[in-house]
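Build out the structure end to end from the sequences listed, making use of the hints.
Chains as they are written, first to last, in the numbering used here: chain A, 1 to 159; chain B, 1001 to 1159; chain C, 2001 to 2159; chain D, 3001 to 3159; chain E, 4001 to 4159.
Derived from the structure by calculation, the hints contain no laboratory data.
Virtual Cβ for every residue (Gly too), placed ideally from N, Cα, C.
Where hints are given, some of them may not hold.
Pairs of lysine-lysine residues, derived as BS3-like cross-links and limited to a Cα-Cα distance of at most 27 Å, are as follows [unchecked claim]:
hint	chain 1	residue 1	chain 2	residue 2
1	A	124	E	4077
2	E	4004	A	96
3	C	2002	C	2096
Chain D residues, not near chain C, derived (Cβ > 10 Å throughout) [what the hints assert, rightly or not]:
hint	residue
4	3003
5	3026
6	3029
7	3073
8	3112
9	3140
Here are some, though not all, of the chain A residues that point toward chain E, as calculated from beta-carbon distances under 8 Å [what the hints assert, rightly or not]:
hint	residue
10	84
11	88
12	92
13	133
14	140
15	146
16	151
17	154
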Amino acid sequence: MKTKIAIIDTMFARGDMGKVCIETMEKNAKKNNWEIEIMRKTVPGVKDIPVALSQLLEQGCQAGIVFGMPGSAKVDKTCSHEASLGIQEVQLMTRKTVLEVFVHEDEGKDDKDLAEVMHNRASKHALNLLWMIFKPEELEKRAGSGERQGRENAEQVML
Amino acid sequence: MKTKIAIIDTMFARGDMGKVCIETMEKNAKKNNWEIEIMRKTVPGVKDIPVALSQLLEQGCQAGIVFGMPGSAKVDKTCSHEASLGIQEVQLMTRKTVLEVFVHEDEGKDDKDLAEVMHNRASKHALNLLWMIFKPEELEKRAGSGERQGRENAEQVML
Amino acid sequence: MKTKIAIIDTMFARGDMGKVCIETMEKNAKKNNWEIEIMRKTVPGVKDIPVALSQLLEQGCQAGIVFGMPGSAKVDKTCSHEASLGIQEVQLMTRKTVLEVFVHEDEGKDDKDLAEVMHNRASKHALNLLWMIFKPEELEKRAGSGERQGRENAEQVML
Amino acid sequence: MKTKIAIIDTMFARGDMGKVCIETMEKNAKKNNWEIEIMRKTVPGVKDIPVALSQLLEQGCQAGIVFGMPGSAKVDKTCSHEASLGIQEVQLMTRKTVLEVFVHEDEGKDDKDLAEVMHNRASKHALNLLWMIFKPEELEKRAGSGERQGRENAEQVML
Amino acid sequence: MKTKIAIIDTMFARGDMGKVCIETMEKNAKKNNWEIEIMRKTVPGVKDIPVALSQLLEQGCQAGIVFGMPGSAKVDKTCSHEASLGIQEVQLMTRKTVLEVFVHEDEGKDDKDLAEVMHNRASKHALNLLWMIFKPEELEKRAGSGERQGRENAEQVML
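Here it is in structure tokens:
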């Protein structure tokens, strides 16, 4: 039986991260013989993600990944926080893993950089979710290693 | 059977966004032969929206849209945040989609501009909600496109 | 049968808003032949309001109104926010309308002004709650009109 | 039958407020013939209070009082806020009254003053809780009177 | 029967605190004849901890300990706050004790210091959790004593 994965993205974001995610997932699923089926829904902005996510997870998706781009104004940061709390609440209501992939509009130095951050973060987290479902040992061997999404990894320090 | 839509607005707001919403919805519903029935309730301010919304959704509305105008003082921003968390909670309790349409009193450069933002955001989101209910593909084809409500759209960047 | 209304206030506040509320409610109820019964409880501070409110609402009150005066220190603002979240949670747990009437200690220019804000806000919201229960059309005809409690109303702008 | 009261305190706090509370409660209970039984649990810091509190309340305590000392760094203020939200959530889950007695490490002008604030607040709230359980009219007659814990009372203003 | 303990850590953190925790727990469990079994899961970042934790606690773990390293940017502080709220929510859902061990990336004066804070906090809290499960009197005798994890203890003040 195929593992159903929910993808929610927004009209508000300035790049189609959902598409990058789907491409990454399909390529990796094929390579590893992981059977997946993707269900996607698009909503206006990040605050509309939680309930849409809950609907897909309760329609049989086993896990999810969501994409958003909070704006740079202070009110946008508050919206982002509210959306994140909702996404977390949905996970706890359903006990299902969901990766939140937000790229803040002011993270990019310019439009080109913003596009790179979006692509990097969307594709790395698409793979992370597949690992969490099909190959959790990939995460365990990177425990406390400074792994990042969007930019290069941080250095590990000795304990 | 008609789709019941809940509208909650406030006495506090400085413009009748609920009226703009109803006009937009009725015009578009008629044009597309979408059968809708609107239930409206007015409350004092944004913090009174969540429970009123829960009441209408539990009385049979399938979706909702709410309008508010948080003031410009710091305490008003906190109220707005609290209201947003409550509106989200109601969505997760009922699993029903609700669009939150808030226009902050300090968003407008002057009263004329404030009125335009209110009109633009209220009418665009009224249409968004109809699309989410009757024609979700309209949102999917705008995924990651920089679509905004209240002001002009943002530019899409290449991934 | 009488409509039971819960009132919660605090020892911390610097004015007896509960008393103002009761006087306003009784006067208006008498004038309009609205049958009400008031249940009142006093707690130490605003953070003690939510659970006390839940107790009264679950003992049969159909609606509630709560009074508090958050202090001016930063930690007091946080307490106020926590209390507001709790008051909202109680409304969503019980699906019952509760008006939160907080007057921040630093809202007043001086003690006289603070007293006036308290009196104005407490009495206006006392009437608002009665309208919400017995005459909701009074709110609907003021939708988006800039109605305020505590100070004079704001101006409506044209949409 | 004795009324069971839950006390939770922390190792992190710089003074034994739990002990002050117990002494105040035992003295007042004896004087008024109030039958109480105290159950106490100590946790590392304030964020560990909510779940410990929920455990004691669900083991039969009718009410609770918790003591903590948030540090002065910004991250400590956030922890304090999180703990407060959790303590409130536990009250709403159990419908039981809990007084939160936090003394912020930076409230004291010096160590001596800090100790005095802790002692004052812990003992006054210990008595408040007993009043809430056994003699609620003591709170009602102080409604809106400016009653404070930790420092002297504020002045009441005329409404 | 062995007591199952859940450990969740992240790939994002710059040091393997989970490993330090396991070493501390195994050494102390052996010395005191406490029968424990550790279940560990690694997730991408702190916001992925709550749902993973809920899964392990609902699979039979009696308690948990989680490790994370929030970054130094403002958005990271918000993520940390969201994660903390989720970890608390999981505790209240399951009524099980979980220690949250976060080391903020900007807590260290340099990499060496950061490593020391991580090691100190992880090992002290590993022992705290064992005490909470097997020997709670160790915490009670340190009530209000200024006990800290990560750095040296604070001084107790006289009440």
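Checked hints:
1. Restraint check for residue 124 (chain A) and residue 4077 (chain E): satisfied, since their Cα atoms lie roughly 22 Å apart, inside the 27 Å limit.
2. The straight-line distance between the Cα atoms of residue 4004 (chain E) and residue 96 (chain A) is roughly 22 Å, inside the 27 Å bound, and the hint therefore holds.
3. Between residue 2002 (chain C) and residue 2096 (chain C) the alpha-carbon distance is near 16 Å, which keeps this suggested pair within the 27 Å criterion.
4. Every CB of chain C lies more than 10 Å from the CB of residue 3003 (chain D), the least distance being 16 Å, so the non-interface label holds.
5. Here residue 3026 (chain D) stays apart from chain C, with its beta-carbon at least about 21 Å from theirs, past the 10 Å limit.
6. Consistency note on residue 3029 (chain D): stated as away from chain C, and its beta-carbon is indeed over 10 Å from all of that chain's, at 19 Å minimum.
7. Against the 10 Å criterion, residue 3073 (chain D) stays outside the reach of chain C, whose nearest CB is about 14 Å from its own CB.
8. Taking the minimum C-beta to C-beta distance to chain C, about 21 Å, the non-interface status of residue 3112 (chain D) holds against the 10 Å cut.
9. At roughly 5 Å from the closest C-beta of chain C, the C-beta of residue 3140 (chain D) falls inside 10 Å, breaking its exclusion from the interface.
10. Here the hint on residue 84 (chain A) is kept, as its CB sits about 5 Å from the closest CB of chain E, short of 8 Å.
11. Annotation: residue 88 (chain A) was flagged as interfacial toward chain E, and the flag holds, the nearest CB pair being 5 Å apart, inside 8 Å.
12. Look at residue 92 (chain A): its Cβ gets to within about 6 Å of chain E, closer than 8 Å, so that hint holds up.
13. Because the closest C-beta pair between residue 133 (chain A) and chain E is about 13 Å apart, greater than 8 Å, the hint is violated.
14. This hint holds: residue 140 (chain A) has a C-beta 5 Å from the nearest C-beta of chain E, less than the 8 Å allowed.
15. Against a cut-off of 8 Å between C-beta atoms, the interface hint on residue 146 (chain A) holds, since the closest Cβ of chain E lies about 4 Å away.
16. Here the hint on residue 151 (chain A) is broken, as its CB sits about 11 Å from the closest CB of chain E, past 8 Å.
17. Evaluation of the residue 154 (chain A) hint against chain E yields a held restraint, the C-beta minimum of about 5 Å falling below 8 Å.
When the structure is compared with the earlier hints, violations turn up for hints 9, 13 and 16 and for no others.
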